[in-house]
Amino acid sequence: MKLFIKSFSYFVLLFLGIILLITISTSYIEKNYSSFEFQSNLTYLVVGDSHPECAFNDSLIPNFKNIAESGEAYFYNYSKIKPVILQNPSIKVVFIEYTNNQINDYMNERIWADAYISDRYPRYSSFMNLEENLMLFKNNPSAYTNALSLSIRKKSVRIFKNDLDFSTKIGGYLYLKRDKTDSIINSRTKLKDTASSVTPDTIDISEANLSYLDEIIRFCKINDKKVILIRSPQHKKYAGYMNEEKYKQILNTRYADLEYLDFSNFPLSNSEFGDLTHLNYKGAAIFSEWFANLMNNGLLEKEDKQDYIDQKIKEQARTAL
Amino acid sequence: MLFNSIDFAVFLPIIFILYWFVTSKNLKLQNLLIVFSSYIFYGWWDWRFLSLIIFSTVIDYFIGINLSKQENQNKRKMLLWTSILVNLGFLGFFKYYNFFLDNFITAFSFFGTEINVNSLNIILPVGISFYTFQTLSYTIDVYKRKIKPTKNFIAFSAFVSFFPQLVAGPIERATNLLPQFYTKRDFDYSKAVDGMRQILWGLFKKIVIADNCAQYANTIFNNSSDYSGSTLMLGAVFFTFQIYGDFSGYSDIAIGTSRLFGFNLKQNFAFPYFSRDIAEFWRRWHISLSTWFRDYLYIPLGGSRGGTWNKIRNIFIIFLVSGFWHGANWTFIVWGALNALYFLPIFLTNNNRNNLDIVAYGKYLPSLKEFLLMLSTFGLTVFAWIFFRANNVEHAINYIASIFSTSFFSIPEIKPKSIILLICIFIAIEWFGREGKYAISNIFNIRKRFYRWSFYVFICLLIFLYQGKQQEFIYFQF
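Protein chains in written order, with the numbering used here: chain A, 1 to 321; chain B, 322 to 799.
Just so you know, the hints here were simulated from the structure itself, not pulled from any lab data. Be aware that one or more of the hints could be misleading.
Unchecked claim - Derived, one-sided and incomplete: chain B residues facing chain A with beta-carbon distance under 7 Å:
1) 327
2) 508
3) 510
4) 513
5) 785
6) 786
7) 788
Note that the structure is a prediction, hence the values are computed from the model and not measured. The C-beta atom is built at its ideal place from N, Cα and C for all residues, glycine as well.
Let the sequences and hints guide you as you build the complete structure.
This is the structure in structure tokens:
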């Protein structure tokens, strides 16, 4: 019996040692030899989920890079923003999307649900620390184990192929062609009733997601980058507005010391939205050119930035009419 | 509790330690631990259905004792039928009630009579078909005086609920398993190592082969109208490996786990895809079920005695019942009928016992004839599995029709190279290990520890690196 337990323990240790060795060595290589470098004159960075991903066409905004990606929680934003900031010292300002949906507890699912963990973890695992690994394991052990094995395979392939340029693998502007807003509105006539029936008291907050927004902010500050929270343009019937009160409450308490720019009321027609949440390529072009113009006119140097934005939004609305 | 889950990875060592360190000196206590742990294992899924197992256990225990006391043949028959009706009653209600109801409604509406009866929302208790057959075999064997009934209730409860094989077999006979609960088990190093080795191979089959094949098989079968004939063919082949990896993997883990606790279970799969004809396939596939039907259905029906029509009838009955055992769906019945049709020609021409040996025994490669025979048998099973996997008979027919279209000659839309490579590795290991009880039982036994461990590490790495998305064992639903 003792011999059996001894042999079995040795074997388990040997196997775990091999796995650990492969994990550490592949992570070490990726961490030290991966490239997250963008153009040398890059000054502005935007990070977040699908809202900025579809809104900011960075080819129309000078010195600006969009690294947002659909369905990405702050947890994964944090993993990629670290090497991006360290390898692009020219960045001065980081815009972080802070939209209504990002405070909701369903964002937890976007951190550790099977589909998200298996997609994101193999990409960013080399840039995560032990604590982050433990959080994923604790909340979804089977998906984490699955993703760990997938990450070793993917990392090994990337290293073997010398495919360590991450600058094209970490999100970016999404050229959204769809134009479904009218059909969605027609099929969801009860939308308004549903939205108004939910009170802020019934909304649970994703502390896990917000804690990684805190981490991003802390990391940017340590590296002397200015952080600005933004809200990309949304359709007026966007269902996420149901938690507006809670959303504002968190903004005015937890992030009171940060600048916040709200573009949600930017005037666009239904055909310029892909759906109620995202701008399509037409809307993105209009908004991005307008935003570039604002930046050229010194938006970031203004005292009352939001007043300036609101004024420009009104002007834009009149022009649109 | 799934064998390939973290829950089981925690559960097994705890029970193992309690079994060999705490209760090893007291047989009764050891058996009690098995009963207790088996109930936890089963209750982990749904504790409410434990009552069914306990009820079956109590009924068959007392019927067994009464059968031994009773000399009046009519009363003995009545006791036997009580056991059969109770056990099959549970099985019939939970598994087949809605099927029969739906078909009665359809049949009556065909003749113009509308019946308004709602089907019930019944949850199928996991493993009910397996433990029902196991307890039934005990009562029938006692009735036939093949075994003496047990008076040890704890041992009998352990026999009925033994957790390694409780939910998906192998379906054990009382003659083999029950006596093992009467005798003291001593820890045997080589037996435990062999058990671990078989568990490892079972996990490889389940996690690497079955779970990865399942992802592609499910995608292709669930969207079969979107794919070309070549892709549909690939989907059927993936399912063929999925079901083998899934079910034989489960059996390997069950047998291996039992060996860790000092028990020997019967071999349930003997490399069926290397069969040279369908009769050999059925001697090698789900052996515990095939032999159960042979002993308790086919032989009582007359077996191969009597005229040709009797033989044909008996063959059809056994295959149709076997198909129906798998589930309350016409697809399983068609699958059973199809296998009966495959089997009948070689049976009626007395060629069903041509291939009793191991193919290409002692050789590295089969002859061309053997290879072609294996390939044709494999092709027939792949075809039959389409009915087994399809959602309904119409789906299966459409699937087959789409395979046999011009698009069969196109390049498949899905090309999972790594999975195909893994299947090739799997086939190679199974082929070279086919003379053992399971594929890796003999390969490295005589080599140095370094080579053995290198091989085990290689298998473990494949399991870790190529683990598919965790899927429930297919046979749980049966």
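For each hint, the structure was consulted:
1. Given the 7 Å rule on beta carbons, the hint for residue 327(B) holds: about 5 Å separates it from the nearest Cβ of chain A.
2. A cut of 7 Å between beta carbons decides the hint on residue 508(B): the least distance to chain A is about 5 Å, and the hint holds.
3. Interface hint at residue 510(B): satisfied, since its Cβ lies 5 Å from the closest Cβ of chain A, which is below the 7 Å cut-off.
4. Given hint, residue 513(B) at the interface with chain A, holds; its Cβ is 5 Å from that chain's nearest Cβ, closer than 7 Å.
5. Checking residue 785(B) against chain A by beta carbon gives a least distance of about 5 Å; that is within 7 Å, so the hint holds.
6. With 7 Å as the threshold, the beta carbon of residue 786(B) comes within range of chain A, its nearest partner Cβ sitting at about 5 Å, so the hint holds.
7. Taken as an interface hint, residue 788(B) checks out: its beta carbon lies about 5 Å from the nearest beta carbon of chain A, inside 7 Å.
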